[in-house]
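Novice: Order-wise, the sequence lines are chains A and B. Residues in the first sequence are numbered consecutively from 0, following numbering that gives the first Met the number 0. Residues in the second sequence are numbered consecutively from 0, following numbering that gives the first Met the number 0.
Honestly, the hints are just simulated from the structure, not real lab data. There could be a bad hint or two in this list.
[Unchecked claim] Using 30 Å as the maximum straight-line C-alpha spacing, the simulated BS3-like pairs for lysine-lysine come out as follows:
(1) Lys-36(A) / Lys-34(B)
(2) Lys-47(B) / Lys-25(A)
(3) Lys-96(B) / Lys-93(A)
(4) Lys-42(A) / Lys-53(B)
(5) Lys-53(B) / Lys-93(A)
(6) Lys-36(A) / Lys-47(B)
(7) Lys-53(B) / Lys-36(A)
(8) Lys-34(B) / Lys-93(A)
(9) Lys-36(A) / Lys-24(B)
(10) Lys-42(A) / Lys-47(B)
(11) Lys-25(A) / Lys-42(A)
(12) Lys-53(B) / Lys-25(A)
(13) Lys-93(A) / Lys-6(B)
One-letter residues, chain by chain:
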Amino acid sequence: MVLRQNIAQERYGKSYSPLYIALVFKWRCHFYNIILKVFGNAKEIDFPILFTPLEQYVEGFTVEYGDINALPPDIIPERHEKNEVGEGCHFIGKDTIYIFYDQSPSISPQRQRFTIAHEWGHIFQRLDWDFKSDMEGVADPEERDAIIESVAHHFANNYLVPFPLFQSQYLKHRKNLCKEPTPYALAQCFNVSESMMKICFEKHKDKIKQ
Amino acid sequence: MLPLGAKLRELRTNADLSQNELAVKAGVSPAFVYKLEANEYGTLSIDKSQQLAKGLGMTFRDFLEAVGLLNDSSTPKANLALASALRKRKLNENQVKQVVSYVDFIEQGNKP
Numbered sequence: 000m001v002l003r004q005n006i007a008q009e010r011y012g013k014s015y016s017p018l019y020i021a022l023v024f025k026w027r028c029h030f031y032n033i034i035l036k037v038f039g040n041a042k043e044i045d046f047p048i049l050f051t052p053l054e055q056y057v058e059g060f061t062v063e064y065g066d067i068n069a070l071p072p073d074i075i076p077e078r079h080e081k082n083e084v085g086e087g088c089h090f091i092g093k094d095t096i097y098i099f100y101d102q103s104p105s106i107s108p109q110r111q112r113f114t115i116a117h118e119w120g121h122i123f124q125r126l127d128w129d130f131k132s133d134m135e136g137v138a139d140p141e142e143r144d145a146i147i148e149s150v151a152h153h154f155a156n157n158y159l160v161p162f163p164l165f166q167s168q169y170l171k172h173r174k175n176l177c178k179e180p181t182p183y184a185l186a187q188c189f190n191v192s193e194s195m196m197k198i199c200f201e202k203h204k205d206k207i208k209q
Numbered sequence: 000m001l002p003l004g005a006k007l008r009e010l011r012t013n014a015d016l017s018q019n020e021l022a023v024k025a026g027v028s029p030a031f032v033y034k035l036e037a038n039e040y041g042t043l044s045i046d047k048s049q050q051l052a053k054g055l056g057m058t059f060r061d062f063l064e065a066v067g068l069l070n071d072s073s074t075p076k077a078n079l080a081l082a083s084a085l086r087k088r089k090l091n092e093n094q095v096k097q098v099v100s101y102v103d104f105i106e107q108g109n110k111p
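Could you build all of it, start to finish, from the sequences and the hints given here?
Specialist: Structure (structure tokens):
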């Protein structure tokens with residue numbers, strides 16, 4: 000759940016251990032490579048990016064999306080922790096993958112897209128035996144939760160705004176406008192929030208200027 | 000722990016493929032298939048599962064079910080996680096060993 004990232008980080012609280020940094024980096028890179036394979040495997044890629052490539056990757060599963068508000072609260076106990084409301088959760092059934100997210104009008108479509116991508120991150124984690132094995136080796140459960148949530152966050156970021164596409168759109172905008180594009184302009188283009196695009200600008204600024 | 004190597008070998012022979020043929024079809028190295036079947040790797044990443052499923056002509060879901068990953072979420076490090084949880088509950092090393100052995104004993108009883 001998106002909410003859980005904040006809670007996990009808050010509970011973990013302490014400054015990041017070398018193990019945390021190493022594992023987040025390792026698995027962030029691992030899942031980024033898998034995202035590239037997902038796009039390589041896709042029949043076509045829509046822009047802004049939809050979730051069809053992920054659905055095609057988990058061939059054989061039916062994927063269903065629903066409103067988290069329709070679920071009984073006891074199924075998702077983390078939802079009401081600290082009086083915050085979680086925005087997404089998922090279940091992997093025998094033949095079906097269910098993703099529930101907050102479809103309230105108060106939640107922006109960009110935020111909803113991020114929540115869905117974040118849940119896909121968790122689904123890929125759960126279907127990755129190497130990842131699960133590594134996580135089971137982390138002794139501190141709070142540290143483990145924080146790593147899992149952080150890696151899912153990176154997954155969502157990298158899926159919705161993959162670097163090669165970000166770079167091409169950035170250069171295209173710069174050529175058309177004859178000036179540097181703003182995070183707002185590219186956020187609209189990728190259908191993500193401006194705050195998320197600012198993070199992407201920060202992350203990629205050195206690579207873009209080259 | 001799942002006998003992943005044995006299950007993969009069974010799937011490969013049922014598909015009438017040699018290790019090399021499977022490696023080519025799946026886009027992995029023959030050494031990877033060999034080591035997997037020899038149980039040198041205890042786990043599989045999602046992309047390798049997907050590639051092996053393609054190589055075997057199966058859907059990703061069917062592959063996960065066939066190798067037991069869909070029903071069994073344990074990994075070779077599950078005992079480590081259990082042990083660390085028990086240590087957090089202030090059990091000493093001897094008690095931790097006893098609980099882990101007992102869990103193994105129960106697990107053996109569950110196997111057909």
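Novice: Assess, step by step, whether the Cα of Lys-53(B) is no farther than 30 Å from the Cα of Lys-25(A), and give holds or violated.
Specialist: Holds: Lys-53(B) and Lys-25(A) sit about 26 Å apart, inside 30 Å.
Novice: Can you confirm whether the C-alpha distance between Lys-42(A) and Lys-47(B) stays at or below 30 Å?
Specialist: Holds, because 20 Å separates the two Cα atoms, which is no more than 30 Å.
Novice: Assess, step by step, whether the Cα of Lys-47(B) is no farther than 30 Å from the Cα of Lys-25(A), and give holds or violated.
Specialist: holds (17 Å)
Novice: Is the hinted pair Lys-34(B) and Lys-93(A) satisfied, with a Cα-Cα distance of at most 30 Å?
Specialist: Distance ~29 Å between Lys-34(B) and Lys-93(A) Cα, so the pair holds.
Novice: Checking one constraint from the list: CA of Lys-53(B) to CA of Lys-93(A), max 30 Å. Satisfied?
Specialist: Answer holds: Lys-53(B) to Lys-93(A) is near 20 Å, not above 30 Å.
Novice: Keeping to a limit of 30 Å between CA atoms, is the pair of Lys-42(A) and Lys-53(B) held or broken?
Specialist: holds (15 Å)
Novice: Are the Cα positions of Lys-36(A) and Lys-24(B) separated by 30 Å at most?
Specialist: Holds. Lys-36(A) to Lys-24(B) sits at ~16 Å (cutoff 30 Å).
Novice: Take a quick look at whether Lys-36(A) and Lys-34(B) sit within 30 Å of each other, Cα to Cα.
Specialist: holds (23 Å)
Novice: What's the verdict on Lys-25(A) and Lys-42(A), does the C-alpha distance respect the 30 Å limit or exceed it?
Specialist: Distance of about 28 Å is within 30 Å: holds.
Novice: Keeping to a limit of 30 Å between CA atoms, is the pair of Lys-96(B) and Lys-93(A) held or broken?
Specialist: Violated, at about 34 Å.
Novice: Does Lys-36(A) lie within 30 Å of Lys-53(B) when you go C-alpha to C-alpha?
Specialist: Status holds; Cα separation ~13 Å.
Novice: Holds or violated: are the alpha carbons of Lys-36(A) and Lys-47(B) at most 30 Å from each other?
Specialist: Measuring from Cα to Cα gives roughly 11 Å; hence the hint holds.
Violated hint for the displayed structure: number 3, the only one.
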